[in-house]
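Start from the sequences, fold in the hints, and give me the full structure.
Protein chains: 2
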Amino acid sequence: MSQPSKSPNVVWHEYKITREDREQLLNQKGCVLWFTGLPSSGKSTLANEVAHLLHQRGQLTYVLDGDNIRHGLNKDLGFSPEDREENIRRIGEVAKLFADAGVIALTAFVSPYRKDRDRARSLLEEGRFIEVYVNCPVQVCESRDPKGLYKKAKAGEIPEFTGISAPYEPPEKPEIEVRTDEMSVSEAAEMVIRYLEKQGIVPQVG
Amino acid sequence: MSQPSKSPNVVWHEYKITREDREQLLNQKGCVLWFTGLPSSGKSTLANEVAHLLHQRGQLTYVLDGDNIRHGLNKDLGFSPEDREENIRRIGEVAKLFADAGVIALTAFVSPYRKDRDRARSLLEEGRFIEVYVNCPVQVCESRDPKGLYKKAKAGEIPEFTGISAPYEPPEKPEIEVRTDEMSVSEAAEMVIRYLEKQGIVPQVG
Chain V
1 MSQPSKSPNV VWHEYKITRE DREQLLNQKG CVLWFTGLPS SGKSTLANEV AHLLHQRGQL
61 TYVLDGDNIR HGLNKDLGFS PEDREENIRR IGEVAKLFAD AGVIALTAFV SPYRKDRDRA
121 RSLLEEGRFI EVYVNCPVQV CESRDPKGLY KKAKAGEIPE FTGISAPYEP PEKPEIEVRT
181 DEMSVSEAAE MVIRYLEKQG IVPQVG
Chain D
1 MSQPSKSPNV VWHEYKITRE DREQLLNQKG CVLWFTGLPS SGKSTLANEV AHLLHQRGQL
61 TYVLDGDNIR HGLNKDLGFS PEDREENIRR IGEVAKLFAD AGVIALTAFV SPYRKDRDRA
121 RSLLEEGRFI EVYVNCPVQV CESRDPKGLY KKAKAGEIPE FTGISAPYEP PEKPEIEVRT
181 DEMSVSEAAE MVIRYLEKQG IVPQVG
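Note that the protein sequences, when read in sequence, are chains V and D.
For the first sequence, my numbering begins at 1 and goes up steadily by one.
For the second sequence, my numbering begins at 1 and goes up steadily by one.
Please keep in mind that the hints were generated in silico from the structure rather than gathered at the bench.
Watch out, some of these pointers could steer you wrong.
Note that identical chains are pooled: a pair holds if it fits in a single copy or bridges any two copies.
As the list claims (entries may be wrong) - In silico lysine-lysine, PhoX-like type, Cα no more than 20 Å apart, as pairs: (1) K173 with K115; (2) K147 with K16; (3) K198 with K173; (4) K75 with K115; (5) K198 with K29.
Following this line, the structure appears as structure tokens:
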């Protein structure tokens with residue numbers, strides 16, 4: 001019914017697949033699970049366990065962490081305050097793209113500053129950014145220290161190390177808070193799964 | 001069988017879901033379809049049509065284009081040569097993450113320089129980066145010009161406009177080449193789908 005165009009190519013019909021289309025295909029809602037906490041608090045372990053449990057239920061997840069971000073997208077960034085902020089900004093933007101793709105994106109970064117986390121939150125619709133505070137006393141984190149980072153930080157070899165020589169600002173109203181010194185990774189992961197079921201992000205099972 | 005650790009938390013078993021796990025779930029191979037060509041050559045239209053056809057077959061796709069990249073992840077970038085290069089670098093890295101997630105990622109950017117496209121290619125395993133040359137004579141692109149960009153470029157309002165005042169380096173060995181002035185968008189999209197079937201990226205249908 002539209003006016004004929006000078007070029008037949010202009011009238012190519014363009015049908016765009018939407019987030020809702022992809023969500024229907026995947027039987028889930030795209031969202032971001034943002035794990036934040038001190039180094040060695042268990043963010044990455046917990047994120048991977050949640051991804052594991054969700055995968056077993058047929059849900060599609062993707063974990064963004066230092067391994068796939070710092071050596072790729074953000075390899076141009078160092079550890080200055082500006083670069084740390086840009087690091088988290090980009091992670092927030094990429095996580096948003098994954099959520100838009102219908103994927104359950106899990107990010108596992110210290111992300112110590114409230115401002116940076118809130119900016120990542122602001123990119124998503126209400127209910128699609130789920131902050132998971134991985135709470136663990138610094139003494140316990142230090143006793144785990146699988147990569148020896150606390151040891152190095154205390155020896156002054158890592159400047160501005162969160163929990164030792166740089167601040168961590170805990171979330172004020174995280175959607176989920178787990179204490180990894182008081183519960184097992186399975187228990188913590190189950191808490192996250194229950195929340196996702198309750199919010200209708202994934203179907204209830206059993 | 002490993003030595004007991006000082007902290008019980010260190011021995012948390014960490015099971016990571018792999019790309020292969022996700023590919024099995026999605027019944028497809030994660031890959032990048034990199035559409036390159038002059039402005040108004042039909043990259044975005046074709047990418048969206050391919051995504052549409054794949055979605056109808058139950059495959060998961062995600063289109064990265066100016067709409068979701070320039071206003072988000074790359075909103076800090078302008079149009080200087082360095083920023084254009086960084087723009088394509090980041091798109092390549094994000095597309096790689098999507099492929100790793102098991103998704104068929106489709107990127108629709110002019111990406112005029114061979115060097116930049118080859119860098120994006122180098123991030124992926126053999127066979128997972130599929131360059132689609134959207135070939136169309138500049139005169140035809142100019143006659144389409146849905147956003148009036150060629151008009152502005154010719155009036156000198158857009159400096160370094162690809163095809164007018166900046167070079168476009170066509171791919172030398174693209175996996176797929178389509179002529180959007182000689183075939184319909186459906187025909188071009190079908191060519192891409194046939195290629196994906198042949199390569200085992202998606203199952204054959206019918």
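Each hint, compared with the structure:
| no. | hint | in the structure |
| --- | --- | --- |
| 1 | K173 with K115 | within (13 Å within a copy, 46 Å between copies) |
| 2 | K147 with K16 | between (45 Å within a copy, 18 Å between copies) |
| 3 | K198 with K173 | within (18 Å within a copy, 51 Å between copies) |
| 4 | K75 with K115 | between (23 Å within a copy, 19 Å between copies) |
| 5 | K198 with K29 | within (12 Å within a copy, 32 Å between copies) |
Consistency note: the structure conflicts with none of the earlier hints.
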